[in-house]
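Student: Residues in the sequence shown are numbered consecutively from 1, following full-length UniProt numbering.
No lab work stands behind these hints, which were simulated from the structure alone.
Ideal Cβ positions, reconstructed from N, Cα and C, are used throughout, including at glycine.
Misleading hints may appear alongside valid ones.
To be verified - DSSO-like cross-link-like pairs, simulated, lysine-lysine; straight-line CA separation at most 27 Å: (1) Lys137 - Lys125; (2) Lys45 - Lys55; (3) Lys6 - Lys55; (4) Lys137 - Lys32; (5) Lys125 - Lys114; (6) Lys104 - Lys114; (7) Lys30 - Lys6; (8) Lys125 - Lys55; (9) Lys45 - Lys32; (10) Lys32 - Lys125; (11) Lys104 - Lys45; (12) Lys45 - Lys109; (13) Lys125 - Lys104; (14) Lys114 - Lys30; (15) Lys30 - Lys125; (16) Lys104 - Lys30; (17) Lys45 - Lys6.
Unchecked claim - Label-pair distances were calculated between CB atoms; the ranges are: (18) Thr94 - Ser70: 55 to 61 Å; (19) Leu59 - His11: 33 to 39 Å; (20) Thr94 - Pro61: 23 to 29 Å; (21) Asp13 - Gly53: 14 to 20 Å; (22) Ile129 - Asp79: 37 to 43 Å; (23) Gly53 - Val139: 44 to 50 Å; (24) Thr43 - Leu134: 50 to 56 Å.
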Amino acid sequence: VEPGVKREFGHADLLIREDVAHLSADGSKKIKGRSPIFEGISTEKVPVWMSHGDKVTQLPPGFTSIAYTSNTEFAAVEDQARHIYGVQFHPEVTHTPSGATMIKNFVLKVVGCKGEWNMHDFCQKQIDIIMNKLEDKYVVGAVSGGVDSSVAAAPWP
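Using the sequences and the hints given, assemble the complete structure.
Tutor: Put into structure tokens, the structure is as follows:
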């Protein structure tokens, strides 16, 4: 990693490589195409949000560049054999319109999660656990200004 010639902050066009060697779904043969994290993204030139002043100048053994920008040769990389992926942009922000698709592809296609979890199940299970522990006692709920520190704010009988 070295300081970049030009700091990238804001919009950049991510260019997806179409000629990356991958194992087929059953792992029996090598095929050329896009990385699985870019499945369902219909264009080669994808708007992404960047925020960095450095850049990767050499990849470790086993890694391949799967996307780049005009300033960053290794904007997205993978080591498919070890299931390690890296991006030098922010797929989690709204300024990267296809970011949710990339994250979903990583979680479902690369990691192999089923995608059955939802927040409703989580909330109800946690409420049941707390109510079970409380029995007939009361809870004092406190909320600060931060989204990540809100815990419980509704009174329970």
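Student: All the hints need checking, so say for each whether the structure fits it.
Tutor: The hints, checked one at a time:
Under the criterion of a C-alpha separation no larger than 27 Å, the hint pairing Lys137 with Lys125 is consistent with the structure, at around 19 Å. Taking the CA atoms of Lys45 and Lys55, the gap is near 20 Å; set against the 27 Å cutoff, the hint holds. Note on Lys6 and Lys55: the hinted pairing holds, with a Cα-Cα distance of about 10 Å set against a maximum of 27 Å. About 62 Å separates the Cα atoms of Lys137 and Lys32, which puts this hinted pair outside 27 Å; it is violated.
At most 27 Å may separate the alpha-carbon atoms for a hinted pair to count; Lys125 and Lys114 meet this at roughly 19 Å. With a C-alpha separation of about 11 Å, the suggested pairing of Lys104 with Lys114 holds against the 27 Å cut-off. Of the supplied pair hints, the one linking Lys30 and Lys6 is violated, its CA atoms being roughly 36 Å apart against a limit of 27 Å. Only pairs whose Cα atoms come within 27 Å are accepted, and Lys125 paired with Lys55 is rejected, the gap being roughly 44 Å.
Proximity of Lys45 to Lys32 is assessed by CA-CA distance (about 18 Å); at most 27 Å being required, the pair is judged to hold. Straight-line distance between C-alpha atoms of Lys32 and Lys125 comes to about 44 Å, which puts the hinted pair past the 27 Å bound. Between the alpha carbons of Lys104 and Lys45 the distance comes to roughly 19 Å, so the proposed pair stays at or under 27 Å and holds. Distance restraint check for Lys45 and Lys109: the Cα-Cα separation of roughly 22 Å lies within the 27 Å cut-off, and the hinted pair is therefore satisfied.
Taken as a hint, the Lys125 and Lys104 pair is honoured in the structure, with Cα atoms around 24 Å apart against an allowance of 27 Å. Our distance criterion of 27 Å between C-alpha atoms is met by Lys114 and Lys30, whose separation comes to about 25 Å. Distance check on the hinted pair: Lys30 and Lys125 sit about 44 Å apart at the alpha-carbon level, beyond 27 Å; violated. Simply put, Lys104 and Lys30 have alpha-carbon atoms about 24 Å apart, close enough for the 27 Å limit, and the pair holds.
At most 27 Å may separate the alpha-carbon atoms for a hinted pair to count; Lys45 and Lys6 meet this at roughly 20 Å. For the hinted restraint 55 to 61 Å between Thr94 and Ser70, the CB-CB distance of approximately 23 Å leaves it violated. The supplied range of 33 to 39 Å is broken by Leu59 and His11, whose beta-carbon atoms lie about 25 Å from each other. Under the hint 23 to 29 Å, the C-beta atoms of Thr94 and Pro61, about 36 Å apart, miss the expected range.
About 19 Å separates the C-beta atoms of Asp13 and Gly53, a value consistent with the hinted range of 14 to 20 Å. One distance hint, 37 to 43 Å for the beta-carbon pair Ile129 and Asp79, holds here, with the actual separation near 39 Å. About 47 Å separates the C-beta atoms of Gly53 and Val139, a value consistent with the hinted range of 44 to 50 Å. Here the CB-CB span from Thr43 to Leu134 is close to 53 Å, well matched to the stated 50 to 56 Å.
Violation of the numbered hints given earlier is confined to hints 4, 7, 8, 10, 15, 18, 19 and 20; the remaining hints are satisfied by the structure.
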